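Got chain D sorted already, so can you dock chain S onto it with the hints?
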Amino acid sequence: MLSPTDPMIDIVDLCKRFTKGKETITIFDGLNLAIPRGDFVAVMGPSGSGKTTLLNLLGGIDRSDAGGIEVAGERLDRLSESELSRWRASHIGFIFQFYNLMPMLTAAQNVELPLLLTRLGRKERRQRVETALGVVGLADRVKHYPKEMSGGQQQRVAIARAIVSDPALLLCDEPTGDLDRATADEVLSILQVLNRDLGKTIVMVTHDPAAAQYAKRSLHLDKGHFIEKELAA
Amino acid sequence: MRSIFLQVLAVTTINLKSLPQRLWLSLATVIAVGLVVTVLLAFLAMANGFQRTIADSGAEDIAVVLRSGSLSEINSVVLRDQVRLIEDGPGIAKGADGKPQISGELYLTVDGIKRSTRTKASLPLRGLGPQGPALRRGIVITAGRMFNPGSNEIIVGKAMGKEFEGFDLGGTVTFNSTRWTVVGIFAADGSVFESEIWADLPVVQSLFKRAGAVQTVRARLTNPAAIEALRAYSDSDPRLKLDVTSEAAYFAQQASNTSDLIQKLGWPLAIAMAFGSLAGALNTMYSSVAARATEIATLRAIGFGGFSTFVGTLVESLILAAAGGVIGAAATYLVFDGFTASTMGASFSQVVFNFQLSPRLIGQGLLLALVVGLFGGLFPALRAARMPIVAGLYG
Numbered sequence: 001m002l003s004p005t006d007p008m009i010d011i012v013d014l015c016k017r018f019t020k021g022k023e024t025i026t027i028f029d030g031l032n033l034a035i036p037r038g039d040f041v042a043v044m045g046p047s048g049s050g051k052t053t054l055l056n057l058l059g060g061i062d063r064s065d066a067g068g069i070e071v072a073g074e075r076l077d078r079l080s081e082s083e084l085s086r087w088r089a090s091h092i093g094f095i096f097q098f099y100n101l102m103p104m105l106t107a108a109q110n111v112e113l114p115l116l117l118t119r120l121g122r123k124e125r126r127q128r129v130e131t132a133l134g135v136v137g138l139a140d141r142v143k144h145y146p147k148e149m150s151g152g153q154q155q156r157v158a159i160a161r162a163i164v165s166d167p168a169l170l171l172c173d174e175p176t177g178d179l180d181r182a183t184a185d186e187v188l189s190i191l192q193v194l195n196r197d198l199g200k201t202i203v204m205v206t207h208d209p210a211a212a213q214y215a216k217r218s219l220h221l222d223k224g225h226f227i228e229k230e231l232a233a
Numbered sequence: 001m002r003s004i005f006l007q008v009l010a011v012t013t014i015n016l017k018s019l020p021q022r023l024w025l026s027l028a029t030v031i032a033v034g035l036v037v038t039v040l041l042a043f044l045a046m047a048n049g050f051q052r053t054i055a056d057s058g059a060e061d062i063a064v065v066l067r068s069g070s071l072s073e074i075n076s077v078v079l080r081d082q083v084r085l086i087e088d089g090p091g092i093a094k095g096a097d098g099k100p101q102i103s104g105e106l107y108l109t110v111d112g113i114k115r116s117t118r119t120k121a122s123l124p125l126r127g128l129g130p131q132g133p134a135l136r137r138g139i140v141i142t143a144g145r146m147f148n149p150g151s152n153e154i155i156v157g158k159a160m161g162k163e164f165e166g167f168d169l170g171g172t173v174t175f176n177s178t179r180w181t182v183v184g185i186f187a188a189d190g191s192v193f194e195s196e197i198w199a200d201l202p203v204v205q206s207l208f209k210r211a212g213a214v215q216t217v218r219a220r221l222t223n224p225a226a227i228e229a230l231r232a233y234s235d236s237d238p239r240l241k242l243d244v245t246s247e248a249a250y251f252a253q254q255a256s257n258t259s260d261l262i263q264k265l266g267w268p269l270a271i272a273m274a275f276g277s278l279a280g281a282l283n284t285m286y287s288s289v290a291a292r293a294t295e296i297a298t299l300r301a302i303g304f305g306g307f308s309t310f311v312g313t314l315v316e317s318l319i320l321a322a323a324g325g326v327i328g329a330a331a332t333y334l335v336f337d338g339f340t341a342s343t344m345g346a347s348f349s350q351v352v353f354n355f356q357l358s359p360r361l362i363g364q365g366l367l368l369a370l371v372v373g374l375f376g377g378l379f380p381a382l383r384a385a386r387m388p389i390v391a392g393l394y395g
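Residue numbers (full-length UniProt numbering), protein chains in the order written: chain D, 1 to 233; chain S, 1 to 395.
Calculated from the structure, these hints are not laboratory results. Zero decoy hints are in this set.
Derived DSS-like pairs (lysine-lysine); straight-line CA-CA distance at most 30 Å:
hint: 1; chain 1: D; residue 1: K20; chain 2: D; residue 2: K223
hint: 2; chain 1: S; residue 1: K158; chain 2: S; residue 2: K209
hint: 3; chain 1: D; residue 1: K143; chain 2: S; residue 2: K17
hint: 4; chain 1: S; residue 1: K17; chain 2: D; residue 2: K147
hint: 5; chain 1: S; residue 1: K162; chain 2: S; residue 2: K114
hint: 6; chain 1: D; residue 1: K147; chain 2: D; residue 2: K123
hint: 7; chain 1: S; residue 1: K241; chain 2: S; residue 2: K94
hint: 8; chain 1: S; residue 1: K120; chain 2: S; residue 2: K209
hint: 9; chain 1: S; residue 1: K17; chain 2: D; residue 2: K123
Quick caveat, the model's predicted, so the values are computed rather than measured.
Here chain D stands alone, though its shape is the one from the complex:
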């Protein structure tokens, strides 16, 4: 159980390698990181530095080779695949660069997907979906399909999907990478509100220094190690 003083993320001596043919590429070799609850961290760094790999490890969709990863009080390296699935459903909200909405489902149906993994009844699910879409300013787009919405709106639907089951941690992979500046600012403002007003811990991978400005602090990942910069007041 996570106590208020425990970090949301605690990584100790993390190792991660990829094998490509006969070549083994080391991404992390003894990485350490602690992120407190309620933090909003931007992870930056050059391509291939391991930003997305870190995000995948934090979300339990990839496995480390060694070291410990504790997220929201759970040692991910000790969970089975099915336990990880259940854990993700209740603790993690993913936001992807290309939104990853189901094109054949409406905004409401897309947002409802994580709730299908809960015990909530249909009425409760609908209320939660409406609330989540309301938070991102899309209450009037409930029945719209992704193709009927702009990129920014689609990303807001994706944010609503990420928060609808009230996870403690949001993992954002280049959430504004496919958006223009103005729309990106709208999306980032929503993330800022989620962090500030709803207490969501957010880890956001980005290449965009302007996007990183919305985070409380920025971590620069280079050659498997972090260099930290404080950003927000």
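Okay, now just chain S, sitting in the frame of chain D:
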């Protein structure tokens, strides 16, 4: 449990709603499975129609007497003295006139021309006595009249008249250099007798040089159980080296030989085709999984389990196959059910019958379709369930 059901439902819905994106590939699978089912059901309907036509011809209270060891009427001989001994046998019913209800019959083949293909075929000509028609169920002269004893007249089963040339009422045909006049058309409740030509026994015996013998004896029994007494009587008299069976058993045996043969052709052909459509189904479903890789990975990242992904993919495959099965069954029903055909019966003569589909046969067709769907979806479903999430998200 409820959550798993909802997950499966969601994944299946997503899969099915995305079918239009893979329309042609999915349609190809549906059509391939449909063709497999059509071929199978056509054969099964043929076998079923043939079997019913022949099996329905037999009655339990009619005894059929053949020479011992004869498999069918065509290669049997029953001598006149043997016919008399049978008349005196136990269990033979008597008519109002006190005479035993018995009919010695000759069964020969004559040449005919098939209307549809204009090819020659062997047709059954039966010479029978005055009691012959009464020993069969539902014999009705639908046009014309009964042949006159001692004349070169024939009556023709209505199925025979439809399928073969020259049997119109009032027409003449030539068998064995003798001209015969068609004086009547008869119906026989759709039984095999509707595929026969009937003439007076003494005339057939004389013109085909078969005097002094018949090939088969039909006798009405006092009750179905009387067959045992008649058989015991035949077995105990050394002058009667004959096989005594009920007409129902006789026709059931005759039907099963040919329908078994049809089924033995149909199933292997359908199964061979099923392997072809299985390859198509596998290709479709692997493509489906590949096309939905990002969607599957996203759902898994959200927290959906591998099981729901597996079942959703399998259900998609089963639905495509079931759609093919239904289309195949419908096509077979529309094209073949009631379709009239003729084929060689056990006596090497033509039997006219209708293809007959039945719910049981349609069930077999759909089952085959689902088997194709199951195996076509199984491995792609496993791939979907085991696909690494990261690979699905980032390629």
